[in-house]
Structure formats: structure tokens, C-alpha cells
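Enquirer: Here's the letter readout for the chains.
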Amino acid sequence: AQSVTQLDSQVPVFEEAPVELRCNYSSSVSVYLFWYVQYPNQGLQLLLKYLSGSTLVKGINGFEAEFNKSQTSFHLRKPSVHISDTAEYFCAVTTYNTDKLIFGTGTRLQVFP
Amino acid sequence: ETGVTQSPTHLIKTRGQQVTLRCSSQSGHNTVSWYQQALGQGPQFIFQYYREEENGRGNFPPRFSGLQFPNYSSELNVNALELDDSALYLCASSLWVGANTGELFFGEGSRLTVL
Numbered sequence: 001a002q003s004v005t006q007l008d009s010q011v012p013v014f015e016e017a018p019v020e021l022r023c024n025y026s027s028s029v030s031v032y033l034f035w036y037v038q039y040p041n042q043g044l045q046l047l048l049k050y051l052s053g054s055t056l057v058k059g060i061n062g063f064e065a066e067f068n069k070s071q072t073s074f075h076l077r078k079p080s081v082h083i084s085d086t087a088e089y090f091c092a093v094t095t096y097n098t099d100k101l102i103f104g105t106g107t108r109l110q111v112f113p
Numbered sequence: 001e002t003g004v005t006q007s008p009t010h011l012i013k014t015r016g017q018q019v020t021l022r023c024s025s026q027s028g029h030n031t032v033s034w035y036q037q038a039l040g041q042g043p044q045f046i047f048q049y050y051r052e053e054e055n056g057r058g059n060f061p062p063r064f065s066g067l068q069f070p071n072y073s074s075e076l077n078v079n080a081l082e083l084d085d086s087a088l089y090l091c092a093s094s095l096w097v098g099a100n101t102g103e104l105f106f107g108e109g110s111r112l113t114v115l
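Chains as they are written, first to last, in the numbering used here: chain L, 1 to 113; chain Z, 1 to 115.
These are computed hints drawn from the structure, not numbers from a lab. Nothing here was measured: the structure is a model prediction, and the numbers come from that model. Idealized CB from N, CA, C, for every residue including glycine. Be aware that a few hints might be false.
Stated by the list, open to error - Reference excerpt, derived from the structure (chain L facing chain Z, CB under 8 angstroms, subset only):
no.	residue
1	LEU44
2	LEU48
3	LYS49
4	PHE90
5	THR95
6	LYS100
7	LEU101
8	GLY106
Assemble the whole structure, with the sequences as input and the hints as a guide.
Expert: Structure representation (C-alpha cells):
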């Protein structure tokens, strides 16, 4: 079975500062990893995903994440955040033989002017 | 290419009632999954439908049931509603070809409030 831990429930940051949202996973088999964003009162939008290949994955809105197998991590980063990045961010894991996602509890990114 | 659409967007029910939520999958997708997202929590997998049959179920009681139709659209039914069923219900569609393609798309959700 897989599990996901998002270490920070809330991350406050000032506009134009860099940000890192942390995600660790547990699995006995190879994993696929995802980051989703959820704006208030909306559904989930895919930011980026890691299936295989390069461990540095670039997504939409200037976000990127790095898959680190030895540390079982998939941290999300952005070099300079905007007010519009304020949202809830979810890390999720699945495997090659299923597309059922296991989600973390989410990290609330709050960007201040 | 149309995305995943869900209806209704909001609804209010009382305890003991029954509710049906609907989902139209993205064009070209053959699998539909349902997730429950309680306030302040991450989405939890309810079940998945593939070729009109249930293909995996999370830790939800039998009063949560579903259907998938030949056009790959789906319904989620919840009987005997409880207060804890209040949540955002998310539908996701994907293309299953015997392995995970990594393409899973979510709808905007149906927000259910149980009073």
C-alpha cells in the first residue's frame, strides 16, 4: 500500500519569494507522483506529474518538482510566487497497475503582498 | 475536447435522504473514479468504474454505490445520508489501457451538505 505525507499544513510566504512545499511518500513498489492545486470552491487541477525519466519535472504556472527516490520525496518548488498562487496544494501517489490516487492532507499556500 | 463535468454543483439534503450525483467523463476516457473530500482534508477514493463494472473500492460503506453507463458517464448514489457525508464529491476520468497512463482529470465537484 502507498501513503503520502505533506509535512506542512500551511505555508505563508511573501509575494516574489521562493517557496517549497514538501511531500514524502511510502511505497513498496515503483510509484507515479502528482501535484494538484485546488483554488477556493473549485475542483483539482493537475500541476505536474512524475511517471518516469528525468527526476526534475516542470509543470504549469512556473512550478517544478524533483523526484528523489532515496529520500522518498517529491517536493514542489517555485522560485517566485504570486498572489494568485494562493491555494491548497495536494501531493498524490499511485502505481503503474492502478490509477487510484492516494492523496496527502494538503498544504495551504498563502501568499502575502 | 470536453472536460469532466459534474452535476449538480451544490445541493442540500437532510439526514436519511438519498442523493444521486452525476459525472460526464472526458472525451476518449473509459474509466471514472469518485472521491470524497471532507472540509480541510485530502480527497479519499470511493470507487472506480471501468466497462460498467466496479473496479476497486475504498473504505466506504455499501450505502455508497455507483453506476457507469455505456457512454462512460457515471452516477454516485448515497443512501441513508449522514451528517458526515457532507463533503465535496469529485469525479475523475481516465483512459485505462491495462496500465496507468498517468492521465487523470477531475471535475469541479458536487458540494453536498447534509442537515
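Enquirer: Does each hint fit the structure? Answer for all of them.
Expert: Cross-check of the supplied hints:
Restraint check, LEU44(L) versus chain Z: the minimum CB separation of about 4 angstroms is within 8 angstroms; hint holds. At a threshold of 8 angstroms, the smallest CB-CB gap from LEU48(L) to chain Z is about 11 angstroms, leaving the interface hint violated. Satisfaction of the interface hint for LYS49(L) is found here, the shortest Cβ-Cβ separation to chain Z being roughly 6 angstroms, below the 8 angstroms cut-off. For PHE90(L), the interface hint holds, the least distance from its beta-carbon to any beta-carbon of chain Z being 5 angstroms, beneath 8 angstroms.
With a cut of 8 angstroms, the hint placing THR95(L) at the interface with chain Z holds, because the nearest CB-to-CB distance is about 7 angstroms. For the restraint placing LYS100(L) at the interface with chain Z, the shortest Cβ-Cβ distance is roughly 5 angstroms, inside the 8 angstroms limit, so the hint holds. With a cut of 8 angstroms, the hint placing LEU101(L) at the interface with chain Z holds, because the nearest CB-to-CB distance is about 7 angstroms. At about 5 angstroms, the closest approach between the beta carbon of GLY106(L) and any beta carbon in chain Z falls short of 8 angstroms, and the interface hint on this residue holds.
Violation of the numbered hints given earlier is confined to hint 2; every other hint is satisfied by the structure.
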